[in-house]
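Enquirer: Residue numbers (this note's numbering): 1 to 47.
Treat the hints loosely; a few may be bogus.
[What the hints assert, rightly or not] Simulated restraints, written as ranges between beta carbons of each label pair: (1) G47 to G26: 25 to 35 Å; (2) K41 to K14: 31 to 41 Å; (3) G25 to G47: 16 to 26 Å; (4) A13 to R40: 32 to 42 Å; (5) W42 to R17: 13 to 23 Å.
[Said to hold, decoys possible] Straight-line distance between alpha carbons at most 16 Å, and here's what the computed EDC-like set of lysine to aspartate or glutamate pairs gives: (6) K23 to E36; (7) K33 to E46; (8) K28 to E45; (9) K41 to D5; (10) K19 to D5; (11) K14 to D30; (12) K23 to D5; (13) K44 to D30.
Keep in mind that the hints were calculated from the coordinates and are not lab data. Note that CB positions come from ideal geometry on N, CA and C, so glycine has one too.
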Amino acid sequence: MVRIDVVINDEIAKELRIKSIRKFGGKKGDLSKAVEEAIRKWIKEEG
Numbered sequence: 001m002v003r004i005d006v007v008i009n010d011e012i013a014k015e016l017r018i019k020s021i022r023k024f025g026g027k028k029g030d031l032s033k034a035v036e037e038a039i040r041k042w043i044k045e046e047g
């Protein structure tokens, strides 16, 4: 596993946190799951 630090817009971060809590329940590691899922989706769409 690797750690990548990124800087994102405050509003996007807020939306990401809210949506990850709704989808995964707000447990430890859920934000990472949501980010990983988003990256996988983007990679798949970009081919």
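Enquirer: All the hints need checking, so say for each whether the structure fits it.
Expert: Do the hints match the structure? See the list:
no. : hint                   : in the structure
1   : G47 to G26: 25 to 35 Å : holds, 33 Å
2   : K41 to K14: 31 to 41 Å : violated, 20 Å
3   : G25 to G47: 16 to 26 Å : violated, 32 Å
4   : A13 to R40: 32 to 42 Å : violated, 19 Å
5   : W42 to R17: 13 to 23 Å : holds, 19 Å
6   : K23 to E36             : holds, 14 Å
7   : K33 to E46             : violated, 20 Å
8   : K28 to E45             : violated, 28 Å
9   : K41 to D5              : violated, 19 Å
10  : K19 to D5              : violated, 20 Å
11  : K14 to D30             : holds, 14 Å
12  : K23 to D5              : violated, 23 Å
13  : K44 to D30             : violated, 21 Å
When held up to the earlier numbered hints, the structure conflicts with 2, 3, 4, 7, 8, 9, 10, 12 and 13 and fits the remainder.
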